[in-house]
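Asks: Just so we're aligned, residue 1 is where the first sequence starts under my numbering, counting upward by one.
Just so you know, the hints here were simulated from the structure itself, not pulled from any lab data. Hints are not guaranteed to be accurate.
Unchecked claim - Below, in silico cross-link-like pairs of lysine to aspartate or glutamate (DMTMM-like), each with a Cα-Cα straight-line distance of 20 Å or less:
| # | residue 1 | residue 2 |
| --- | --- | --- |
| 1 | LYS245 | GLU98 |
| 2 | LYS26 | GLU257 |
| 3 | LYS138 | ASP229 |
Stated by the list, open to error - Simulated restraints on C-beta separations:
| # | residue 1 | residue 2 | range |
| --- | --- | --- | --- |
| 4 | ASP194 | LYS26 | 17 to 27 Å |
| 5 | PRO16 | ALA154 | 16 to 26 Å |
| 6 | GLU141 | TYR44 | 25 to 35 Å |
| 7 | GLY51 | GLU117 | 23 to 33 Å |
| 8 | LYS26 | ASP161 | 30 to 40 Å |
| 9 | ALA242 | ASP75 | 19 to 29 Å |
All values reported here derive from a predicted model rather than from experimental measurement. A virtual CB, placed ideally from N, CA and C, is assigned to each residue, including glycine.
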Amino acid sequence: MRIATWNVNSMKARLPTVLQVLNDIKADVVCLQELKCETDAFPYLEIEEMGWNCAVHGQKSYNGVAILSKFPLQDVTREMSTLKDDQARYIEATVLAERPVRVGGLYLPNGNPAPGEKYDYKLEWVAALEDHARSLLKAEEPFVLCGDYNAIPAPEDCWDDTVWNTDALGLPETRAAWRQLKHLGLTDAFEACDGRAHQYTFWDYQGGAFQKDHGIRIDHILACPRMTDRLTGVEIYRKARALEKPSDHVPVIATFED
DNA sequence: ATGGTAGAAGATCTA
């Protein structure tokens with residue numbers, strides 16, 4: 001089965017592009033972030049028409065996450081057990097594939113400017129995610145955590161580390177939090193399958209960043225040990241950034257043995 | 001030259 005994550009940067013502004021990309025990437029499960037719409041404003045009809053089941057945690061203006069699945073979804077939760085959050089940044093559901101898998105879709109806070117309140121919130125959020133991941137591991141149900149982590153794991157995951165290592169996305173403390181998360185026993189699917197340097201998932205709209213390949217890798221799929229055993233490949237669907245009216249992020253897709 | 005781009009909201013904030 002193929003599990004994808006994609007920050008769409010507005011469901012309303014992106015709908016034609018989203019429908020096209022969903023057809024192209026042939027995933028079974030897709031986690032979406034930055035819907036920028038309320039739950040009721042999600043385009044259920046258009047998406048369901050394509051055979052998707054939808055679980056949505058929307059919010060006006062900012063944030064908003066969803067899980068789309070070709071398989072039925074069960075036991076949807078819209079918060080981590082470990083954080084009371086007034087921002088719609090998390091959703092989790094069990095995908096009833098042949099072998100069921102728990103899928104978490106997340107939109108980690110950006111954290112800029114750092115230091116400051118926003119960076120504190122980011123660190124609090126990632127700490128809550130770590131605690132939540134710990135409880136998922138304890139439950140011994142296969143799971144993946146997909147989303148926009150707003151974290152550049154290492155210098156080779158951006159085009160110029162001197163630009164990013166003072167940003168909330170690339171600060172040493174952000175990278176330490178990312179490593180700590182992995183050290184629970186989770187695997188970065190991209191790193192496990194490919195791991196090449198300078199493969200990006202986000203390019204800013206400004207200054208022709210995509211044309212210059214001034215990107216960063218911040219969209220990730222973390223897999224538990226049992227899902228890692230089934231992991232066979234990862235693709236960054238870079239093409240999506242060259243479409244008309246693109247999101248500034250592109251999908252990342254991991255393939256697992258059925 | 002204190003700039004640039006996009007989206008949502010609404011005359012600014014977030015990324």
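Asks: So, for every hint listed, does it hold in this structure?
Replies: How the hints compare with the structure:
1. Only pairs whose Cα atoms come within 20 Å are accepted, and LYS245 paired with GLU98 is rejected, the gap being roughly 36 Å.
2. Between LYS26 and GLU257 the CA atoms are separated by roughly 15 Å; this keeps the pair inside 20 Å, and the hint holds.
3. This hinted pair checks out: LYS138 and ASP229 have alpha carbons roughly 18 Å apart, not beyond 20 Å.
4. ASP194 and LYS26 have their C-beta atoms about 19 Å apart, which keeps the hinted 17 to 27 Å range intact.
5. For the hinted restraint 16 to 26 Å between PRO16 and ALA154, the CB-CB distance of approximately 35 Å leaves it violated.
6. Between GLU141 and TYR44 the beta carbon distance is about 27 Å. The supplied range of 25 to 35 Å therefore holds.
7. Our hint of 23 to 33 Å for GLY51 and GLU117 is violated, since their Cβ atoms are close to 43 Å apart.
8. Taking 30 to 40 Å as the suggested C-beta distance range, the pair LYS26 and ASP161 conforms, at roughly 34 Å.
9. Between ALA242 and ASP75 the beta carbon distance is about 38 Å. The supplied range of 19 to 29 Å is therefore violated.
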